[in-house]
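Work the whole structure out from these sequences, hints included.
2 protein chains.
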Amino acid sequence: MTGISPKDRWIRRIPVRMTPPAIKDNTADVDRLVKGTEKALGGEEVGIDLAFSRKVPLLLREHGYHVRADLYKGRSSWHLVNIVAPDEAPSVYGLAVDLGTSMIAARLLDLETGEVKEETSFLNPQIHVGPDILTRIHFAGQEGGLQELQSLLINRLNQEIQSLAERQGISTKNMVGASIAGNTTMTHLFLGLDPYWICREPYIPVLNRPGLIRPRDVGLGIHERGVVFVFPNAGSYFGGDLIAGILASGMNHQEEFSILVDVGTNAEVVLGNRDWLVACAGAAGPALEGGVASMGMMAGPGVIDKVVIDPASGEFQVRTIDGLSPVGICGSGMIDLVAQLYLAGMIDIRGKYVPEKCGRRMRTIDEMQHLIVVFSKDSGTGETLTLSQAEIDALMRSKAAMHTILTTVIRMVHLEWKDFRRFYVAGTFGSYINPRSAIVLGMLPDLPLDGYEALGNTSLAGATRALLSLRKREEVDEIRNRVTYVEMNVNQEFMNEFSAAKFIPHTDRTLFPSVP
Amino acid sequence: MTGISPKDRWIRRIPVRMTPPAIKDNTADVDRLVKGTEKALGGEEVGIDLAFSRKVPLLLREHGYHVRADLYKGRSSWHLVNIVAPDEAPSVYGLAVDLGTSMIAARLLDLETGEVKEETSFLNPQIHVGPDILTRIHFAGQEGGLQELQSLLINRLNQEIQSLAERQGISTKNMVGASIAGNTTMTHLFLGLDPYWICREPYIPVLNRPGLIRPRDVGLGIHERGVVFVFPNAGSYFGGDLIAGILASGMNHQEEFSILVDVGTNAEVVLGNRDWLVACAGAAGPALEGGVASMGMMAGPGVIDKVVIDPASGEFQVRTIDGLSPVGICGSGMIDLVAQLYLAGMIDIRGKYVPEKCGRRMRTIDEMQHLIVVFSKDSGTGETLTLSQAEIDALMRSKAAMHTILTTVIRMVHLEWKDFRRFYVAGTFGSYINPRSAIVLGMLPDLPLDGYEALGNTSLAGATRALLSLRKREEVDEIRNRVTYVEMNVNQEFMNEFSAAKFIPHTDRTLFPSVP
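Taken in order, these protein sequences are the chains called G and H.
To convert a position in the first sequence, counted from 1, into the working numbering, add 29.
To convert a position in the second sequence, counted from 1, into the working numbering, add 29.
Just so you know, not all the hints are guaranteed correct.
Below, a list of computed lysine to aspartate or glutamate pairs in the DMTMM-like style, where the Cα atoms sit at most 25 angstroms apart [claimed, not checked]:
no.	chain 1	residue 1	chain 2	residue 2
1	G	K84	H	D246
2	H	K84	H	D60
3	G	K64	H	D506
4	G	K84	H	E172
Because the hints were derived from the structure by calculation, they are not lab data.
Structural data, given as structure tokens:
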């Protein structure tokens with residue numbers, strides 16, 4: 030992984046060889062181990078807790094004062110987690126976790142080699158309490174609610190930790206560290222902190238910088254004396270996931286200006302370079318994730334992720350995941366579909382259906398115009414897959430919000446689109462977006478396509494980097510301290526901009542010279 | 030207390046006033062509190078644990094962002110323990126504890142004023158398992174033995190903490206810190222560390238420097254987020270009690286050379302000044318504590334603590350504690366008695382009875398000579414109180430051991446008696462010794478009497494100082510690192526010296542010019 034060296038690990042297993050005690054050398058066992066480890070680390074300070082101290086004399090004698098020590102580096106000194114035989118296998122492992130509101134992704138890493146041993150993702154079990162953050166914040170305020178949300182999450186994570194260990198043939202005790210990135214509310218729920226004030230003016234989190242905690246502080250089932258790094262937040266609406274995103278993008282090291290956008294229900298935007306970082310978040314609505322479409326669903330087998338419409342014949346080519354018969358459409362497919370409908374003239378610049386262009390695909394259901402995307406004979410469900418005018422309207426509002434947020438932030442820092450060289454799109458969803466389609470819709474700016482870079486799950490990527498490298502872990506706090514978070518001021522100017530952005534691609538066509 | 034300023038406290042309660050949060054100032058509650066506290070401390074770093082973080086938002090809001098914060102200073106930064114209303118009473122308290130093998134002494138201190146609120150002492154409950162350290166070490170090696178010894182101790186301490194709180198009308202949560210000094214084995218048992226290797230060559234403790242631990246690490250019933258400072262040891266036979274003694278004596282700051290002796294079953298000796306400290310310990314035998322005499326007992330009402338014999342009339346004047354009829358004799362009374370017997374010619378320079386001088390007080394019981402110290406008609410028990418030849422012999426061996434240990438250590442550092450200006454006698458027992466009697470016996474060196482200073486319970490005094498002052502707490506580690514512990518080498522020279530010291534005061538009378 031770029032810029033990450035094994036020498037920079039903050040969770041390590043190192044050989045420690047001591048002289049056995051003697052009458053003339055009566056240093057206590059624990060102090061002997063600590064001194065030996067400090068020497069092996071080139072003089073850095075090492076600490077040890079009382080519970081582990083109790084086990085040291087027998088372990089040292091068992092291994093003849095020649096061991097390997099598992100350690101992690103805290104704020105200022107190293108901490109002994111365990112000692113094992115000099116030839117002990119397997120390695121020390123760590124877990125990088127992206128705590129998404131809907132999906133949780135985890136990655137098991139060998140901390141000696143840096144190798145990804147396995148990656149897994151699963152539904153956030155809190156979804157059963159409420160699909161969105163606000164519902165969960167309210168639930169947390171009820172008697173026992175916070176504890177229930179935390180337990181749901183921790184138990185599910187522990188299940189996964191157990192399965193990972195079993196599949197890898199290791200013990201959960203081999204997992205010495207974890208690195209956790211999530212939005213501010215998810216991080217609060219993970220830590221058992223009441224998110225009550227997050228959604229109430231003036232929107233104050235309990236905690237900005239959780240830093241390093243012990244697994245038992247939250248009940249995480251890795252090595253009990255291990256360590257958990259929890260990403261900080263820069264406010265209620267600027268979470269650790271986005272800080273991890275900045276870390277993963279590396280935009281904070283570049284001379285050129287970049288934009289990082291995490292496209293989702295909330296559009297989170299970061300602008301900047303190695304000298305400054307400005308962040309902003311605004312509600313874009315769930316339409317971008319396909320959440321409002323009747324046929325909308327998360328990416329999975331049979332889900333449409335790409336659409337091409339031949340403008341001449343009006344013929345649809347849909348691509349599905351795994352090539353199965355289509356069963357629904359994901360957010361990125363939606364954006365492709367609507368952009369293609371526009372290019373084929375089937376919707377106008379307001380995003381309204383042009384029935385004469387849609388022909389036999391047009392249906393009126395419940396007094397509303399619907400377009401048949403997939404006829405029942407071709408669908409995997411046996412039903413027709415349709416897109417209603419209302420669904421397009423929702424997407425139009427979302428794409429307008431997205432564009433307006435970007436425009437507003439760029440204006441705030443007195444820059445223009447052309448000043449930006451790179452445009453990073455973060456999030457699993459973002460990695461499926463066809464940037465060309467997003468530009469056609471006017472959702473993303475009309476920059477050269479080679480400037481777009483889809484980074485995938487940057488929250489997980491950032492968590493991984495912070496787990497593997499002390500420099501990166503420390504960079505997390507630097508990023509947090511450098512980011513200026515600006516509140517999106519929804520004033521008249523914003524509303525004017527929003528209205529102008531509700532057209533395809535925009536009322537000001539000069540902003541989108543590449544769109545026909 | 031000398032040299033201890035309230036400004037040097039490492040457990041403090043300080044006012045912290047914050048600006049309440051606003052849209053333009055959205056720092057999280059916990060970070061706001063931490064920053065405010067750091068500012069109040071003049072910029073020093075402050076940390077907080079996750080469990081307390083959970084309570085901060087409600088507490089801050091309850092007190093309108095104007096609080097007093099209870100803090101302690103760790104190795105490098107301060108830690109928040111609690112926040113209370115700005116006018117909250119009472120104060121923050123701390124507990125200084127001397128963990129003696131037989132007796133435990135504890136002192137409750139107001140950490141704002143430094144005032145001793147109450148002092149208490151009680152039997153070490155481990156006495157029921159075994160009166161001496163060796164028995165307890167063996168007991169700790171049995172299944173569940175270590176846990177039982179630790180529980181006995183901690184439960185008893187917690188009982189006392191509870192009673193102290195009740196009597197003072199405070200909560201145990203007001204006790205934010207504790208400072209614990211004890212010998213190496215007692216400290217191990219307090220910490221739940223197996224003392225198995227302490228009494229086995231090469232005599233290696235589990236741990237030299239416990240430093241700061243959390244109350245819950247051992248189950249101590251003070252504030253759960255408080256802190257416990259545990260004195261370090263410099264080896265199996267040089268414990269935290271003696272390091273506390275050095276701290277209390279202040280000998281490590283003086284230009285002149287001093288001797289510090291803790292007289293007990295083990296004679297522990299420290300020589301040195303501000304430039305160097307050498308320590309040594311040797312078995313002196315229980316005789317010095319009155320432990321072998323049939324009438325020996327610990328100091329208490331009716332116990333003889335001073336004896337004067339008129340050499341002319343052979344009349345005994347005995348003083349008892351509280352002036353009650355005599356019921357027994359304590360160690361210091363024993364030393365007085367035997368010195369007076371010698372000065373009255375009732376024993377010779379070998380410590381053997383001279384029957385013709387003892388007259389009607391001489392009895393033969395079980396074929397052994399006994400001296401009647403108190404006749405039955407005068408005693409509080411209705412029985413005669415006697416001292417046998419065997420008991421004097423034991424005392425002679427102990428006093429000889431004491432003198433030999435002192436002589437040997439002084440010889441090791443190439444100094445002589447006359448090089449020492451001050452002679453500190455530590456221990457509750459030591460404070461009752463009449464130094465003149467100890468000199469007559471040849472147990473302590475023949476230095477000017479104004480050079481002797483009985484310091485009382487120096488372990489408790491040192492624990493108190495370390496609790497009240499960061500400089501003193503840090504000095505504890507400095508002392509530990511500076512002390513050179515030398516093993517008492519019981520070679521032919523030692524044995525020769527020991528034989529010479531088995532006379533009163535010594536075969537070399539020039540060493541004791543003041544003794545007739």
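Status of the hints after comparison with the structure:
A hinted pair counts as satisfied when its Cα atoms are at most 25 angstroms apart, and K84 (chain G) with D246 (chain H) qualifies at roughly 14 angstroms. At roughly 13 angstroms between alpha-carbon atoms, K84 (chain H) and D60 (chain H) fall within 25 angstroms of each other, so this suggested pair holds. As the CA atoms of K64 (chain G) and D506 (chain H) are separated by approximately 16 angstroms, the hinted pair is consistent with the 25 angstroms bound. Distance hint between K84 (chain G) and E172 (chain H) is fulfilled; the C-alpha atoms sit about 16 angstroms from each other, no more than 25 angstroms.
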